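Each chain, letter by letter, is given below.
Number of protein chains: 2
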Amino acid sequence: MALGQLMLVRGSVKYVYLDLPANLACLKNIDNLLRCPICFDYLNISMMTKCSHNFCSLCIRKFLSYKLLCPVCNSATAELDLRNNRILDDLVKSFQAARQNLSKATFDSPPISPKT
Amino acid sequence: MALGQLMLVRGSVKYVYLDLPANLACLKNIDNLLRCPICFDYLNISMMTKCSHNFCSLCIRKFLSYKLLCPVCNSATAELDLRNNRILDDLVKSFQAARQNLSKATFDSPPISPKT
Ligand SMILES: [Zn+2]
Ligand SMILES: [Zn+2]
Ligand SMILES: [Zn+2]
Ligand SMILES: [Zn+2]
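So the protein sequences, as listed, match chains A and B.
Numbering follows this note's numbering, in which position 70 of the first sequence is assigned residue number 95; successive positions increment by one, without gaps.
Numbering follows this note's numbering, in which position 11 of the second sequence is assigned residue number 36; successive positions increment by one, without gaps.
So that you can see chain A by itself, here it is in the shape it has in the complex:
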């Protein structure tokens, strides 16, 4: 079973697919935090703005070529202010591995035997 979540995205409601089995629903918050607010995929080469918001490197650079604002909070932002947030790239990798492991553990565990 997969989980999803309705999110308000620039004025329109989108269903964001979370790809987590129901028993791992408690990982949903971590999953959300590790996604880019522009493309909704996991952060890919995370860059942090001065206002502490994080985006994929390509997503935020493309955005800033149109508007010099943070897409989350509208603070003035320039490409020069971006700083690599490398720990998020490591967290994405570790989270994906852990999630896979926990799902596997769930599916591999023997079913509860019915009372006879």
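No wet-lab data here; the hints were simulated from the structure.
Every value quoted in this text rests on a predicted model; they were computed, and no experiment measured them.
Treat the hints with care, as some may be off.
[Claimed, not checked] Simulated pairs of lysine-lysine, DSSO-like, Cα-Cα distance not exceeding 27 Å:
{"hint": "1", "chain 1": "A", "residue 1": "118", "chain 2": "B", "residue 2": "87"}
{"hint": "2", "chain 1": "A", "residue 1": "75", "chain 2": "B", "residue 2": "118"}
{"hint": "3", "chain 1": "B", "residue 1": "129", "chain 2": "A", "residue 2": "53"}
{"hint": "4", "chain 1": "B", "residue 1": "75", "chain 2": "A", "residue 2": "87"}
{"hint": "5", "chain 1": "A", "residue 1": "118", "chain 2": "B", "residue 2": "118"}
{"hint": "6", "chain 1": "B", "residue 1": "75", "chain 2": "A", "residue 2": "75"}
{"hint": "7", "chain 1": "B", "residue 1": "87", "chain 2": "A", "residue 2": "75"}
{"hint": "8", "chain 1": "B", "residue 1": "129", "chain 2": "A", "residue 2": "118"}
On the provided structure of chain A, position chain B with the ligands as indicated by the hints.
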């Protein structure tokens, strides 16, 4: 059962207590990433240096009052260069909640009945 890890800390080997049951060992990497390299506790008001290293606000400020270097990579670092890395504070909270949930789920699940 708890897990720990031997780490080299400024020349001396320390045993870092990880506080994870064995079946949650796959969360060890995430746990490590969310800890401060100075105090080894979970990051508390995370601050990121220009060189992308993260510390508790108090830990790094205390350190910089002695030496204007990053404790991890020795890059020149000043207090003015520090930037809040708020997503890490949120990740610490979500991770602690998820870990507790997963441990609880493990302890609450019925034991496999022995074959009679
Ligand atoms: Zn993106
Ligand atoms: Zn912002
Ligand atoms: Zn610390
Ligand atoms: Zn550093």
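Is the straight-line distance between the alpha-carbon of residue 118 of chain A and that of residue 118 of chain B 27 Å or less?
-> Given pair residue 118 of chain A, residue 118 of chain B holds - Cα atoms ~19 Å apart, limit 27 Å.
Could you grab the alpha-carbon distance between residue 75 of chain A and residue 118 of chain B and see if it respects the 27 Å cut-off?
-> Holds - the C-alpha atoms of residue 118 of chain B and residue 75 of chain A are around 22 Å apart, at most 27 Å.
Would the pair residue 87 of chain B and residue 75 of chain A pass a check requiring their Cα atoms to be no farther apart than 27 Å?
-> Measuring from Cα to Cα gives roughly 23 Å; hence the hint holds.
Under the criterion that the straight-line Cα-Cα distance not exceed 27 Å, is the pair residue 75 of chain B, residue 87 of chain A satisfied?
-> With a Cα-Cα distance of about 23 Å, the restraint between residue 75 of chain B and residue 87 of chain A holds, given a limit of 27 Å.
Straight-line Cα separation of residue 75 of chain B and residue 75 of chain A no greater than 27 Å?
-> Distance ~11 Å between residue 75 of chain B and residue 75 of chain A Cα, so the pair holds.
Does residue 129 of chain B pair with residue 118 of chain A here, judged by a C-alpha cut-off of 27 Å?
-> holds, 25 Å
27 Å Cα cutoff - pair residue 118 of chain A, residue 87 of chain B = violated, 31 Å
Within a Cα-Cα threshold of 27 Å, do residue 129 of chain B and residue 53 of chain A meet the stated pairing?
-> holds, 17 Å
Against the hints set out earlier in the document, a violation occurs for number 1 only.
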